[in-house]
Every structure is written in C-alpha cells, then in structure tokens.
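Same order as they appear, the protein sequences are chains F and C.
For the first sequence, our numbering assigns the number 1 to the initial residue and increments by one for each residue that follows.
For the second sequence, our numbering assigns the number 1001 to the initial residue and increments by one for each residue that follows.
Calculated directly from the structure, the hints in this document are not laboratory data.
This structure is a prediction, so every number in the text was calculated from the model and none was measured.
Cβ atoms here follow ideal geometry from the backbone N, Cα and C, with glycine treated the same way.
Take these hints with a grain of salt, some might be off.
Stated by the list, open to error - Derived DEER-like restraints, expressed as beta-carbon distance ranges:
id: 1; chain 1: F; residue 1: Asp-32; chain 2: C; residue 2: Ala-1092; range: 37 to 47 angstroms
id: 2; chain 1: F; residue 1: Gln-84; chain 2: C; residue 2: Leu-1002; range: 22 to 32 angstroms
id: 3; chain 1: F; residue 1: Asp-32; chain 2: C; residue 2: Asp-1096; range: 17 to 27 angstroms
id: 4; chain 1: F; residue 1: Pro-98; chain 2: C; residue 2: Gly-1108; range: 12 to 22 angstroms
id: 5; chain 1: C; residue 1: Gln-1116; chain 2: F; residue 2: Pro-98; range: 17 to 27 angstroms
id: 6; chain 1: F; residue 1: Pro-9; chain 2: C; residue 2: Ile-1011; range: 27 to 37 angstroms
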Amino acid sequence: MSLQIEVLPAGNGSQRVILAGRLDTHSYEDLDVALAPLFNRQAHSLVLDLAGLDYISSAGIRSIFKARKALGEHGGKVLLVNPQARIQKVLDVVKAVPTGEIFASTAEADAYLDAMQRKLSCADQDE
Amino acid sequence: MLIRLIVPGEIARVEDLNTSLEAVLTRHGIDPGARADVRLIVEELASNAIAYGGGDDLDMGQHELSVDISREADLLTLRFRDQGAPFDPLSAQAPDLEADILDRPIGGLGLYLIRQIAESMHYERIDDCNLLRVSLRVPAPEKPR
C-alpha cells in the first residue's frame, strides 16, 4: 500500500487534494510532484483531506511544510481536514500545523476559507 | 528475541524491513498503535542511516542494516546496527518548533519524533558500527490469532 493522491478541480481560490494510504519516505516525492503545479496558480489555499491517510513520517511532514512555505509566501494557507488520531498525534509532536488550521470536516474548512476570502475582499475595497 | 533482519542499506529496502517486522509483531499480538510506532522508528532511523551513512553511494553489499526486536513484559526493544559513518542520533540538535513556519528549517524532524515516542534510547559505536537501542512501552499483547 502506498499513497493515493486525488487532486480535485480548483474552485473559489482553494484547491482540494485527497490523500490516502502512506505518506512516507517512499511516497513523498509523488505528493511534491502532484502539488507543484498548484503553487504556480496563485491558489489562495490548499485543503488536504487526510481521512484516508493511515501513516505519516517526517518525510511526509516535510512535504506539508514545503507546501505551507510555497503558499505562505503569497499569503495562502494549507488546511488539513479530518486527520486520523495517530496522524494528528505525529503532527502535534512536531507542531507541523497550527491547531487553528486543522479541521474535523471539509465543511468547517470551507467556512474558514469563505471567512478568509471575505476578509481579503473587504481589505481590497478599503484600499 | 522475536526476529533479526538484515538488509542492504538502500532506501528501497526500508519498506521490506517494515513489512517483515509488521508481520512478526502482528503474529505476536503487538497492538496496531505500537506497530505504527515501530514502523515510524524503523523508517526514520533506517533512512537516516542510509542518507548520512554513505549507504546509497557505496558499493552495495558493503553497507548493511541490521534490526532486531525483542519484548520483555511491556517493553519492546529495537536494536539497530549499521556500518555507516559514525553518527550519534542522540547528539542531534532538536529542531526549533516555535519558530515561524517560513523560517523553520525543513530537516531534523525524524529524530525528534523518535525521541518523543521512545521510552529510552542508547547509542554506542562498537567495531566500526553504529549501535542504537530504542525501547518503547507497549500495551499487554492481544491474544494471538
């Protein structure tokens, strides 16, 4: 069992990617390759759906870091949705993602992104 | 001892190592949480030894990784042995977890993770080999199926 990656069509400034299986030293490069084109598109945010992810190691965490850095440079976010308890534990140990950017459901992540979008468009109007 | 496995020091063989260990641990009734901890420890230490010990660049057959695993009461102990360059993982500097993500270096996480999971770790350099002992606490074994 390795890693399955499903990149959903982008919408409304965010991009959803569903991961399943194992994100480790054998599979992280597949994720890096799959995500790379998304960083060029100036997508505001990336939502990683982790419900089906069974295992993550430091190699996988580094890939999430890289995505956070790439998007963070132009104000984008990486949100994690529905990680299994074990994955959450590993993410917590290395403080990979601020707790405010991990969500129990896609709906919660969407609501967060909508609020972020509204804030951005308000800021645009103020200028 | 439950098992001893010896594989060539190549990244591609780390998965073989873990697949074999997982089968043995399952047969001995070690619970899934502890099995996942073992997988993580083996992946991090083996890929570290290969990346920094000169594994993939040296002549194959020269560089080997050996892992054995044993259980005593609620303590599971893994012993790693490799013939790579001397490296004491316990001397590695802990990553700065409080720094802003954009400033944080991307390395150093694997060893930090293991140190958080393990009950105890001990390193020795003997006969040109790195010897690392990692113990972790496991729940009482499930009934073998």
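Which earlier hints can't be squared with this structure? 1
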